[in-house]
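Let's have the full structure, built from the sequences with the hints guiding it.
2 protein chains.
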Amino acid sequence: MKQIKNARPTHPEKSEVSPAVVNRLPRYFRYLRELIRQGRSRISSGELSEMMNVTASQIRQDLNCFGGFGQQGYGYNVNFLYAKISEILGVGEGYAAIVVGIGNLGSALVRNPMFENRGVDVVGLFDSDPAKVGAAIGELSVRDMKDLESFLGQTRVDIAVLTVPKDAADAVADRLAAAGVPGIWNFTGCELDHRLPDTVIESVHLGDSLMRLCFGLRESGKEET
Amino acid sequence: MKQIKNARPTHPEKSEVSPAVVNRLPRYFRYLRELIRQGRSRISSGELSEMMNVTASQIRQDLNCFGGFGQQGYGYNVNFLYAKISEILGVGEGYAAIVVGIGNLGSALVRNPMFENRGVDVVGLFDSDPAKVGAAIGELSVRDMKDLESFLGQTRVDIAVLTVPKDAADAVADRLAAAGVPGIWNFTGCELDHRLPDTVIESVHLGDSLMRLCFGLRESGKEET
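If you read the sequences in order, they're chains B and F. For what it's worth, the numbering used here labels the leading residue of the first sequence as 1, then goes sequentially. For what it's worth, the numbering used here labels the leading residue of the second sequence as 1, then goes sequentially.
Calculated from the structure, these hints are not laboratory results. All figures in this text were calculated on a predicted structure; none of them were measured in a lab. Positions of the beta carbon are idealized from the N, C-alpha and C atoms, including for glycine. Possibly wrong hints are sitting among the right ones.
Claimed, not checked - If you want the footprint, here are the derived chain F segments under chain B, 3+ residues with CB under 8 Å:
| no. | region |
| --- | --- |
| 1 | 27-39 |
| 2 | 81-93 |
| 3 | 109-118 |
| 4 | 177-186 |
| 5 | 190-200 |
| 6 | 206-218 |
Rendered as structure tokens:
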């Protein structure tokens, strides 16, 4: 993942929230959404602390750094906090995404409600396999990779979800960057950060995650012997 | 993700590699596998450094801490290093996994070669939807969730890949832990760590990752205005 740049206080529009706090915000976002679902309108830092298993002082520190909405004795306004965190994270900015590589993982992601939940609109699907081109997933049909550049010339796309096979990753990422797509959500297992320094890249390395789990098991097993 | 426990030097079987190094090992594993694919048998720390965009001294420090295989002027033995890292990470321990929740994401994961690549054997698939029970994915057919405990009573399972809907996550995780499954690879978006302190949990929060990407885009966009 590209490191989130530090806030620069001289730029008035720049976020003044530290990268460390920003990394914790998606978690607050999830818990606040859960509270909204439950119909809660206020929560104390103590209760949020117990729910999230973080100290109440950490929560106060995190949330106060973008406005201090907590009121002694009243707690936090859940909806206001949720809206503010959404704003900071760019949820609801109406980002448009395409999914490139409609294999098993790509088509599973297209169907995942997470895009809609985060205000990201999936506007195009691409694959190079003629057998897949034209197939419908929801309201979209799969386009031919040959038409990628012409599509990108006509449609604003902020995010490419990259789920092509490893061997194709570099070449497709180059095409996306050359066509001006500013962000790549990278599931290929390749590291693209070094290759595309001007693109915002967020990688999900599933294999690495599985290995961390195996290592955790190995370590926990050793304790029992 | 459950924090990886610190090495305890008093326990001879315990890994003596620090958690920070362990977190970097899956990345070495990926690059070394790529080198093996290319038929390379040796690599210098300088070349590995350029390839991985990490300083050569960091590489020497990381790799020397489990044996110092690098030879001045000869570099590292790629196969030996790969085998050693695999051993540390628990690849090839023959872990057995089940996938619980055969929706779009669950079935995409079952078909992903990553399990085989990491030496994890998928031995069972479970879903509560009668329409899915009995369906075949590769050589396995989907079992009924009702039969989870009886299956786990007969078959050693190290890892449950949890891809059930959010609303079902807590209850299913409780069943897995009660039946003695030691590790959960959690894709539900729920946090299970606090709930199941004795289970090794590795979570992939896709929604959080998407939000980090949106935040990165928002920050990079601001710079241009």
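Comparing the hints with the structure gives:
no.: 1; hint: 27-39; result: holds (count 3)
no.: 2; hint: 81-93; result: holds (count 5)
no.: 3; hint: 109-118; result: holds (count 7)
no.: 4; hint: 177-186; result: holds (count 3)
no.: 5; hint: 190-200; result: holds (count 4)
no.: 6; hint: 206-218; result: holds (count 13)
Comparing the model with each earlier hint shows no violations; every hint is respected.
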